[in-house]
Amino acid sequence: MKKDIILAGVGGQGILSIAAIIGYAAVETGLHLKQAEVHGMSQRGGDVQSHLRLSDKPIFSDLVPLGAADLILAVEPLEALRYWPYLNSDGWVVVNSTPFKNIPDYPETESILAEIAKLPNHIIIDADKTAKELETPRSMNMVMLGAAIPFLGLDYEKLKAGTAFIFGRKGEKVVEMNLKAIAAGYEFSENER
Amino acid sequence: MEKLLLLGDEAVAQGALDAGLSGAYGYPGTPSTEIVEYIQRNPEAAERDVHRTWSANEKTAMEEALGMSYAGKRTLVTMKHVGLNVAADPYMNSALTGANGGVIVAVADDPSMHSSQNEQDSRFYGKFAMLPILEPANQQEAYDMPRLAYQISERYHIPVMIRLTTRLAHSRAGVKRQKILPENKLHKPEDPNQFMLLPAFARKKYRHHLAIQEDLEQESEKSPFNLYQTGKDKSLGIIACGLAYNYLMENYPDNTCPYPILKIGQYPLPRKMVEKIVNECDEILVLEEGMPLIEELLKGFLAHHLKIKGRLDNTISRDGELTPASVRQALGLAKLASRDIPEVVAGRPPALCVGCPHADTYKALNSAMAKYGSGHVFSDIGCYTLGFLPPHRAINTCVDMGASISMAIGAADAGLFPAIAVIGDSTFGHSGITPLLDAVVKKANIVVTILDNDTTAMTGMQDSQVEGKVEKICIGLGVEPDHIRVITPLSRNHDENSKVFEEEILFQGVSVIVARRPCIHVYSKKTNRS
Ligand SMILES: Cc1ncc(C[n+]2csc(CCOP(=O)(O)OP(=O)(O)O)c2C)c(N)n1
Ligand code: SF4
Chain A
1 MKKDIILAGV GGQGILSIAA IIGYAAVETG LHLKQAEVHG MSQRGGDVQS HLRLSDKPIF
61 SDLVPLGAAD LILAVEPLEA LRYWPYLNSD GWVVVNSTPF KNIPDYPETE SILAEIAKLP
121 NHIIIDADKT AKELETPRSM NMVMLGAAIP FLGLDYEKLK AGTAFIFGRK GEKVVEMNLK
181 AIAAGYEFSE NER
Chain B
1 MEKLLLLGDE AVAQGALDAG LSGAYGYPGT PSTEIVEYIQ RNPEAAERDV HRTWSANEKT
61 AMEEALGMSY AGKRTLVTMK HVGLNVAADP YMNSALTGAN GGVIVAVADD PSMHSSQNEQ
121 DSRFYGKFAM LPILEPANQQ EAYDMPRLAY QISERYHIPV MIRLTTRLAH SRAGVKRQKI
181 LPENKLHKPE DPNQFMLLPA FARKKYRHHL AIQEDLEQES EKSPFNLYQT GKDKSLGIIA
241 CGLAYNYLME NYPDNTCPYP ILKIGQYPLP RKMVEKIVNE CDEILVLEEG MPLIEELLKG
301 FLAHHLKIKG RLDNTISRDG ELTPASVRQA LGLAKLASRD IPEVVAGRPP ALCVGCPHAD
361 TYKALNSAMA KYGSGHVFSD IGCYTLGFLP PHRAINTCVD MGASISMAIG AADAGLFPAI
421 AVIGDSTFGH SGITPLLDAV VKKANIVVTI LDNDTTAMTG MQDSQVEGKV EKICIGLGVE
481 PDHIRVITPL SRNHDENSKV FEEEILFQGV SVIVARRPCI HVYSKKTNRS
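So the protein lines, in turn, are chains A and B.
Quick note on my numbering: the first sequence kicks off at 1 and runs consecutively.
Quick note on my numbering: the second sequence kicks off at 1 and runs consecutively.
Among the hints, erroneous ones may be present.
A few chain A residues that don't get close to chain B, going by computed Cβ distances all over 10 Å [what the hints assert, rightly or not]:
1. Gly-11
2. Gln-35
3. Lys-57
4. Ile-59
5. Asp-62
6. Thr-98
7. Pro-107
8. Pro-120
9. Lys-132
10. Leu-179
11. Tyr-186
With a straight-line cut-off of 25 Å between C-alpha atoms, the simulated DSS-like cross-links for lysine-lysine are [said to hold, decoys possible]:
12. Lys-204/B x Lys-3/A
13. Lys-158/A x Lys-176/B
14. Lys-371/B x Lys-57/A
15. Lys-158/A x Lys-180/A
Don't read these hints as lab results, they were simulated from the structure.
A virtual CB, placed ideally from N, CA and C, is assigned to each residue, including glycine.
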């Protein structure tokens, strides 16, 4: 078993929580794990990514090699495209369709989504909308985690445990809220795929 | 023992804690910050009351660590690569005073300059000071190395550097803990003059330092972190340091590399091992993260008979960090198939947050400066450096911490008017106080703007040393109280704030404008932490 994952987004969109939950589940499964994250300047509204590598064999590089990623999980559409060179030939892209526009030359959302749709393996979900419908607008990232579950090769139950572990400090309500968001994303992907 | 999921930085911290650490010192700086932050929130560190608060800058941190070492305890001092420039004076001299309690200098380099002004390689400082360096390849080594570092440090009475780079510092993996060692008891140096560098003592100590170099090389020869891996194909031998070893192995799945490999994790270089691989192989490829330290050593100036490949002959790019792909190319392996970035993609540079106090300060400054034209604002390092970018376009320089005030002084000396400095509160505490003293003494005609957002925001909201003390410091340095003006950067105060800038620009002498409003993230971050 080997999964190389690129998590992509904009500083402040919560990709590190996604990485932490997947990481927890991977370790609980007994897999090797490496997870490189971006700290520093880019976290101020710049592009941020996390390289997440899971394997049943020891992992050397902390970075996913170009052309090796099995999954790009992007919480923002433009950010998905930025990591195209990482994707392997039959990799999946799971992407949130709501753009985060904090630059003056942000491209037409339509042309971004059209580029994504060219790939055979993609899931496009409006995770911002889903999160709002659940009345938990800040759980967009958890909707995206849910949407990626079918492609992670990890046990759903272990991911739930990971969510409880990561958000446990903030109380049961927050955990519940996030689990609901994950379930909604998961359901969407299962229907789309 | 239990397995922890740790960043490379956190592994160094946990490794030092488990190896008898009594005090950590440092100044924040990406990618080193998480070492001290980990110790700050670690319950065992709290229970043991390990020292773990930030210092004003890297130099004071290094000296505080030396003081703890003098008193016999094990200490750790952390900084980013450019921080070692600030701490270079005590670091270089610590090679001669040596250590009593073990000293680890943990420095995190940032090749490719993800969050830095340059990509200097700290190993050159280690070599310059002739002090040992440990360079982990992975999180487990980052955990294990502090233990060995303290042993070497106390055996030879010298500080030991642990050098990390961004990708290891900020990557997480499982780490197995070892037995926890007790802290040292307080004990002064056996030689009461150990830390006395009057020339007569220093000369003796320097000769001693030269004499132990051979022993340090011996330590490297038998180090568990330097490994010779045989290979059948002797047409190439590969020397891979630290993280570079991972990228090498990544390109030969299941350990199928046909060439001999020398994995380096401890310096000074193990001469015998290097001789072996050079004698055994036709060509040598050197893979090092950072600058070509080993490559230059091997190549020397005239050693044309050796075929050495690396950054100097462009087998690998002369600048920037290594990647699995760049190492793959250096090995002559075929590129993995991959897509290009679609043309629609636009860059997304970092920017000041919406609602950032710095933005309002810049607006007021820009409006006061409109009549003077551009090219007058010397700035510094922090979130506010992003004020260079549109739409603010408010500042003209960023060199090193504290340089805003000193450069404004020099420019004013040359006749530039107005000469404005813009500096953050944490940067002011780090290196702004001494140049402000210069300004007062020479009555420089400058306006110093201190952006007091109540925190060290850029590196993740660490406490600022000057919190609640800015005006008092300025008065103490001799700035005229009438020309210390405090403004609240909010858009509703824009006109009033612009006027303050206009007035102080016209004042002939040193003015300080303190723009005070907390960073919009500071409360949530600080409450989260406690
Ligand atoms: C010598 C040195 N040490 C540390 C750093 C890392 N660093 C860059 S900006 C910064 C913090 C600046 O804080 P402050 O001046 O308060 O500005 P803010 O980010 O809060 O706006 C630090 C620690 C550096 N670049 N150089
Ligand atoms: S983190 Fe704070 S200081 Fe930095 S840009 Fe955002 S609001 Fe401004």
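Now the hints, each set against the structure:
1. Its beta-carbon lying about 7 Å from the closest one in chain B, Gly-11/A breaks the requirement of being farther than 10 Å from that chain.
2. Against the 10 Å criterion, Gln-35/A falls within the reach of chain B, whose nearest CB is about 4 Å from its own CB.
3. For Lys-57/A, the shortest C-beta to C-beta distance to chain B comes to about 8 Å, within the 10 Å cut-off, and the non-interface label is violated.
4. The claim that Ile-59/A is not at the interface with chain B is violated, since a C-beta of that chain comes within 10 Å of its own (minimum 8 Å).
5. Its beta-carbon lying about 4 Å from the closest one in chain B, Asp-62/A breaks the requirement of being farther than 10 Å from that chain.
6. Residue-level check passed: Thr-98/A sits 15 Å from the nearest beta carbon of chain B, beyond 10 Å.
7. The claim that Pro-107/A is not at the interface with chain B is violated, since a C-beta of that chain comes within 10 Å of its own (minimum 4 Å).
8. Annotated as non-interface, Pro-120/A keeps its C-beta farther than 10 Å from every C-beta of chain B; the closest such distance is 12 Å.
9. With a least beta-carbon separation of about 20 Å from chain B, Lys-132/A lies farther than 10 Å from that chain, consistent with its non-interface assignment.
10. The beta carbon of Leu-179/A is kept farther than 10 Å from every beta carbon of chain B, the shortest such distance being approximately 22 Å.
11. Distance to chain B confirms Tyr-186/A as a non-interface residue, since its nearest Cβ pair spans about 24 Å, more than 10 Å.
12. Among the hinted pairs, Lys-204/B with Lys-3/A is inconsistent with the structure: their alpha-carbon atoms are about 58 Å apart, more than 25 Å.
13. Between Lys-158/A and Lys-176/B the alpha-carbon distance is near 22 Å, which keeps this suggested pair within the 25 Å criterion.
14. Between Lys-371/B and Lys-57/A the CA atoms are separated by roughly 65 Å; this puts the pair beyond 25 Å, and the hint is violated.
15. A threshold of 25 Å between alpha carbons decides the hint, and for Lys-158/A with Lys-180/A the separation of about 15 Å falls inside it, so the pair holds.
Violated hints, in rising order: 1, 2, 3, 4, 5, 7, 12, 14; the structure is consistent with all others.
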